[in-house]
Amino acid sequence: MTIIQTENLSKHFNRGKLRALDGVSLQVGAARVFGLLGPNGAGKTTLVKLLLAILHQTSGTATLFGKPVSDYELRRRIGYLPENHRYPDFLKGGAVMDYFGRFAGVPKEQRQQRIPELLKLVGMEKWAATKIRKYSKGMMQRLGLAVAMINDPDLLLLDEPTDGVDPIGRKEIRDIILHLKQQGKTIFINSHLLSEVEMVCDEVAIMNKGKIVVQGPVAQLTSIGLSYRIETSALAESAKAKLSEKFARLDLQNGHLEVTVQDHAELNRLIDHFRESQTEIHAIVPQRRTLEESFFAAIKGATSGDFNEMTKSAVE
Amino acid sequence: MRFLAIIAYTLRESFAKKTFIAFFVVITITHLLFLFALNVDLVSGGMAAVQLFGKDVEQQIEIEKLRKIVIGIESGLALAMYGAGIFLAIFATASLVPNMLEKGSVDLLLSRPFARWQLLLGRYLGALSIVAINVAYLIGGAWLILSTKTGFWHTPFLASGVIIILVFGVLYAIMTFVGVTARNSGVSIIAAYLVIFFSPLLLVRDKIYALLSQKIYQWLLDGIYYMTPRTAELGNITRAVVAGETVASWTPLLQSLAVGAGFLMGAIYIFQKKDF
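Residue numbers (our numbering), protein chains in the order written: chain A, 1 to 316; chain B, 1001 to 1276.
The hints are simulated quantities; they were obtained by calculation from the structure and are not laboratory data.
It should be emphasised that the depicted structure is a prediction, and the values quoted were computed from it without experimental measurement.
One thing to keep in mind: the hints can contain errors.
Sample of chain A residues at the chain B side, in silico, Cβ under 8 Å [claimed, not checked]: (1) Ile-54; (2) His-56; (3) Arg-76; (4) Tyr-80; (5) Pro-88; (6) Tyr-99.
From the three backbone atoms N, C-alpha and C, an ideal C-beta is built for every residue, glycine too.
Bound-form chain B, shown alone:
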């Protein structure tokens, strides 16, 4: 129950600092854009026409075309929300761990009957909860609006929300590690964005090999590739899942989760040993 108290406390802090509210407002504006500005009337009009006159072979082909249009729109939106959602989530949560570790605050928390790992993990899960609630609102609301507008209820779109939360979880594990070691929100943000920025480059690192003078730099790039989350590939996976395409490999997700778990365990280990 005390563990849940830390999560609740983190949510309360986020709410009080308006980050939760800001996140919510941005998402609501996005929904309003979908609701009023996004033109999918040709889709709904086409669907309605097909339904009115029954479904023969030609009409099935029309439905299939419309379906692909809707999926195309949704997979594009999912990719956009993947990027925007993670961007916002990083800013919304970057200060949580460093704030907890400030002198005067951390003393009060460490003097309570918690194991240190409970305190840090509770804070981590609290941040994840903040993002999960907002992402659920983002994706769930977008799905409802799009589905209502198009008449086409494409549930794989919801899977993009799950992937966004998982990817954020991995990035936040890195931010938690940096937060515990550097105790600085700015450095945590930089660390997360470095991962996001370099991920697409690492994906095409074989094209960079030719520019590198020695083999060791290639190994270094390979090492970084395998030891950092593959956010670029996960963006592609998100799009593919929403588009209903077969995902060639789930290795990027599994590897990223493993990296995230490693950073989180590292953060807990350092936190256990640290003097405050």
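So that you can see chain A by itself, here it is in the shape it has in the complex:
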């Protein structure tokens, strides 16, 4: 089932002078963790706000659970953590959850059950009776995540969920996200923290200047084809020369080789060559680009097809 779908979604401001979102089309399926990356001003928050009808689109369509985003009853199934959320500081943590649970239509009995459970889940159970004006940034973020989950949503929209949270808290939030995914929830994350996104997301889209530049599973985006790092015992110079003759896309580094092969058959021929020359193979490690490298490449204007081309030409 498609949970989020947009078709040529655009949002312009200042009579078209500012194209915050420009023809964005994407799909997010159920029980997925989807990451949206991009530099400041790329349009990430604009997209999320359009999905929640906090902003009105200029053109294009957006649906959630197959229904137009303008249907406000959809939001019974949605939890949202905005980037700079402001809860009323005169309320205590538990009261914030109670009010927003009420707003979400959660019955009183369910709220009474879920509030202590969720506060414990986010590590805030001792702060339920404290006014939130005394909370730190990280505590507010944890509370925000708990509030976003109060109505047991099928879709969670999280804008910078680990902003201001310490490393232990970040790990806890990642664990919560993965746990929610196992429960069949769909999680849509905006984040600048590429390492965090890489750890939890199944699929990412990279935005720049209102457009999606590249989209796909994390594994695909970070893959640079059939490239391997091979660690062996010391190679004689003659052996090195022979290798270079036989396998063109091979880079001899200090103590290891980096090679790109056309297919697995070529990789196996290389392995056979080492065995024939009685060279010990210590490790064969598939090469990957980090998500950060993919991100920068995308922002510089590369498409997903160009990633592998760039890498091939670099090796040759």
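We have chain A already, so just place chain B on it with the hints.
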């Protein structure tokens, strides 16, 4: 039920920000003034004397005189509380709509399963509830004290509370409109006080016509008169109702309510269309 949740949330916010408490304290001080400082003993003394010696024709005339004194006092007080009550109510509620629309707050509310009109109308009714509770306390308490002190239970006095709440409702509709468009408490307050300030002048606009150079300015004044709440005339109506006088025309109230409804609908329309 979610609609009621917005109203309850607004009341809670007002309470937490002490505006509700400040309103309550001022009203309580007013009551204490009535209780201890207001001298109506001659009235109660006169009433007691009449009752003790029975009611013949002369004594009926005395009762009637005393009644008029009490009504006079109450209608004057009603007019004073009309002005003071609305003055306080405007300050107590001006920030509610702009605060709701602040970045970070409005996102959280709009992401909930409300229609936007429910959110704004709930906020409006929450503000009205704050004022209604306080005005009920003001007028109800004053009525009890005055009636107990004078022995004369004049129920039309309570009607002044209803009119105060209605007039506030109209002014707050304008403040809500300004709050949605300008998102600024100060501008909302200015808008309300401009209406109150100019209302008496608009009432006597025919005396101003002579000062205006062109006919178009007369039409402009007439237009403003008919498109703004007639708070000055409503003050007079309040006094008249309490005094037991026949109200010549209820048109100012009906027209003001219509203006208020128009501004509220305009506010809801703009809120529906706005990006946040």
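The hints, checked one at a time:
The beta carbon of A:Ile-54 comes within 5 Å of a beta carbon in chain B, closer than 8 Å, and the hint placing it at the interface holds. Restraint check, A:His-56 versus chain B: the minimum CB separation of about 6 Å is within 8 Å; hint holds. Hint status for A:Arg-76: holds, given a least beta-carbon distance of 5 Å to chain B, under 8 Å. Evaluation of the A:Tyr-80 hint against chain B yields a held restraint, the C-beta minimum of about 4 Å falling below 8 Å.
Nearest Cβ of chain B to the Cβ of A:Pro-88: about 6 Å, under the 8 Å cut. The hint holds. With its C-beta approaching chain B no nearer than about 6 Å, A:Tyr-99 sits inside the 8 Å limit, and its interface hint holds.
The structure shown violates none of the earlier numbered hints.
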